[in-house]
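Chains as they are written, first to last, in UniProt numbering: chain A, 1 to 331; chain B, 1 to 331.
Certain hints may be false.
No distinction is drawn between identical chains; accordingly, a pair holds when it is met within one copy or between any pair of copies.
As the list claims (entries may be wrong) - Straight line, CA to CA, 25 Å or less: simulated DSS-like cross-link-like pairs of lysine-lysine:
1) K23 x K293
2) K134 x K108
3) K23 x K232
4) K234 x K23
No wet-lab data here; the hints were simulated from the structure.
For reference, the chains in residue letters:
Number of protein chains: 2
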Amino acid sequence: MKISLMHGAGGEVMGEVVDLFSKITNTNAGGIGLEALDDGAVIPIGDRQVVFTTDSHVVRPLFFPGGDIGRISVCGTINDIAMMGGRPLALSCGLIIEEGFDFDTLSKIVDSMDRALSEENVSLVTGDTKVMEKGALDQIAINTAGIGVAETIVRDNGLIPGDAIIVSGTLGDHGFAVLASREEFDFADQIISDVAPLSGMVHAAMNAGTIHAMKDPTRGGFASAINEMAKKSKVMIRISEEEVPIRSSVRAASQLLGIDPLEVANEGKVVMGVPADDAETILKVLKGHRYGKDAAIIGTVQEGTGVIMETAAGGERFIETPMGDPVPRVC
Amino acid sequence: MKISLMHGAGGEVMGEVVDLFSKITNTNAGGIGLEALDDGAVIPIGDRQVVFTTDSHVVRPLFFPGGDIGRISVCGTINDIAMMGGRPLALSCGLIIEEGFDFDTLSKIVDSMDRALSEENVSLVTGDTKVMEKGALDQIAINTAGIGVAETIVRDNGLIPGDAIIVSGTLGDHGFAVLASREEFDFADQIISDVAPLSGMVHAAMNAGTIHAMKDPTRGGFASAINEMAKKSKVMIRISEEEVPIRSSVRAASQLLGIDPLEVANEGKVVMGVPADDAETILKVLKGHRYGKDAAIIGTVQEGTGVIMETAAGGERFIETPMGDPVPRVC
Ligand SMILES: Nc1ncnc2c1ncn2[C@@H]1O[C@H](COP(=O)(O)OP(=O)(O)OP(=O)(O)O)[C@@H](O)[C@H]1O
Ligand SMILES: Nc1ncnc2c1ncn2[C@@H]1O[C@H](COP(=O)(O)OP(=O)(O)OP(=O)(O)O)[C@@H](O)[C@H]1O
Ligand SMILES: [Mg+2]
Ligand SMILES: [Mg+2]
Ligand SMILES: [Mg+2]
Ligand SMILES: [Mg+2]
Ligand SMILES: [Mg+2]
Ligand SMILES: [Mg+2]
Chain A
1 MKISLMHGAG GEVMGEVVDL FSKITNTNAG GIGLEALDDG AVIPIGDRQV VFTTDSHVVR
61 PLFFPGGDIG RISVCGTIND IAMMGGRPLA LSCGLIIEEG FDFDTLSKIV DSMDRALSEE
121 NVSLVTGDTK VMEKGALDQI AINTAGIGVA ETIVRDNGLI PGDAIIVSGT LGDHGFAVLA
181 SREEFDFADQ IISDVAPLSG MVHAAMNAGT IHAMKDPTRG GFASAINEMA KKSKVMIRIS
241 EEEVPIRSSV RAASQLLGID PLEVANEGKV VMGVPADDAE TILKVLKGHR YGKDAAIIGT
301 VQEGTGVIME TAAGGERFIE TPMGDPVPRV C
Chain B
1 MKISLMHGAG GEVMGEVVDL FSKITNTNAG GIGLEALDDG AVIPIGDRQV VFTTDSHVVR
61 PLFFPGGDIG RISVCGTIND IAMMGGRPLA LSCGLIIEEG FDFDTLSKIV DSMDRALSEE
121 NVSLVTGDTK VMEKGALDQI AINTAGIGVA ETIVRDNGLI PGDAIIVSGT LGDHGFAVLA
181 SREEFDFADQ IISDVAPLSG MVHAAMNAGT IHAMKDPTRG GFASAINEMA KKSKVMIRIS
241 EEEVPIRSSV RAASQLLGID PLEVANEGKV VMGVPADDAE TILKVLKGHR YGKDAAIIGT
301 VQEGTGVIME TAAGGERFIE TPMGDPVPRV C
């Protein structure tokens, strides 16, 4: 078998690679390990719960409307720490660069990383730099890993019947921003990536109420994240299409390209399951945050299995786990 | 300015890239940060000292005598944690794969990672997988980051006049093993990489005596590591050429190729500065370990600056910091 683009696209197919790693002898250092396939691992150290996670980024183009590979590298890892309930403390940066890459461009990428780190007061404490000969790598790849501390651990498998499902804003922005800038489509409104660090907003929400489960809808988009949450929690989820926030520009692009906005990556959004009684309070906190203005309650959790979309037309359809994100190298 | 291969070769030139990161607003999370440019960072969490470090690996060929990219990815990070005095707990794995890469080869790489992890009882707890389209990446690149806990932190800058310098074995093996397998040179003896996880051995040494400073002589080899230790410690080091352990096969290859064995990467060695009184005890512990059989006391620390080699012929020369490792993509 050969590795295909789908093996790196965050959906079903990627599981074949992850399965190889799941067979490693030691995959858990005492807390939450690889077998949970959550946004990050948790390791008890002394009396603290340390969250540990990593993401690599190979997005093209390197600079896109609303962000760049530097910002996304920092936000990806900060957000996976936040999704576990952790407060991010420090990141590492593993840089792999193609020989001949422009030094000033690298400098701009590092500046952008700095701005994203500073937003959340996270330190970049260690790193590594490798260079591959010209032609052996397309420009640059950036890995970050990160550690944080969780007072309350939040899993992606904690949904309970009766919970409300909240998304923190419009879906599909990042994937379509990248696609649009790559293909130079001429949409009426420019689509801007949502890439943003969410730790501050997530902890404000955690202070306002209980969060039963949380996940960032990155590769594979909302469709992938919500199915994983439903399956792991052993519940059914009903989503109301009319409540799902999608920008009109994204909707237009999605119709033009035949790509479902629920299946493409977001890089500044969170999907939460919260007790019905806390939903309005948490929603208000999210809406009060710069990265949560378009937050909405979009569904409910019930007993059963699967994710069902109640369509605007009054019908029903399943939201399925995509094989992978339809946009290659989206992050 | 353009990025050159030397920017990723672990010597003087790489400093230009690292300088960009040193300008980031927050580079220290309370312990030892990026500005120390040590093997890893230290972050106080609760009452523990957490060591955090990362390395990416792009070595060619993927499989070489004595090791492979999987083993080196695990050992690189375990060793940088050990160099800080930390006991490694958990690693992350950021995989970037070229479309079309053979799945069975990936499986072999993961098995090799597992064996190296198991040697030191370290867990692989989290990861990420990206795929780049065919031609955008030469085969595979593997990043690992790791966390550990240090009871006693060991820096690379703690040398004191009077200390003895110890190396844990023969120098230059990894660099020449990679070179030889790549070029298919026909040396009389096959040169085997020394790639190995050193945490167990290092902690045995730490239990046997005091270690003032420690570093793994990876890219740029012993020459780079010993100069960094001398400069940061503000001391002079005298090395006795006759005491430096170098395999005859490595010496022969080095003469043939005109490459200094002190300037190429080792992946299973440690350079230590220890009080003279502890030197023999620590040496004995190292020699008793499977990865330290050829350990030797090779020099002494004095007041002054620079690293001086007392040659076998009775002369003296400086060991200089190399601009970078002479072997491209050695790790
Ligand atoms: N190469 C790998 N080694 C070990 N674990 C992996 C690897 N790739 C993925 N995983 C694990 O599989 C799960 C899913 O990974 P994935 O990268 O999709 O999560 P994510 O980071 O939350 O999403 P995204 O990367 O789209 O932001 C995670 O638990 C992750 O730790
Ligand atoms: N891209 C980067 N971002 C931040 N810090 C970096 C980066 N590259 C290197 N550094 C820092 O520079 C110092 C030297 O890095 P280097 O990778 O040479 O150390 P090492 O891992 O001990 O050696 P090797 O990589 O050869 O095993 C380290 O402190 C490292 O954290
Ligand atoms: Mg995630
Ligand atoms: Mg992620
Ligand atoms: Mg390194
Ligand atoms: Mg090191
Ligand atoms: Mg290293
Ligand atoms: Mg990931």
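Results of checking the hints against the structure:
1. In this assembly of identical chains, K23 and K293 lie within 25 Å of each other by CA distance neither inside one copy nor across copies; the values are 42 Å within and 33 Å between.
2. Taking the shortest alpha-carbon separations for K134 and K108, only the intra-copy value of 21 Å comes in at or below 25 Å, while the best inter-copy value is 27 Å.
3. In this homomeric assembly, K23 and K232 come within 25 Å of each other (Cα to Cα) only inside a single copy, at 20 Å, whereas the closest approach across copies is 42 Å.
4. Only within a single protomer do K234 and K23 lie at most 25 Å apart by alpha-carbon distance; the minimum there is 24 Å, versus 47 Å between protomers.
Hint 1 alone, counting from the list given before, is not met by this structure.
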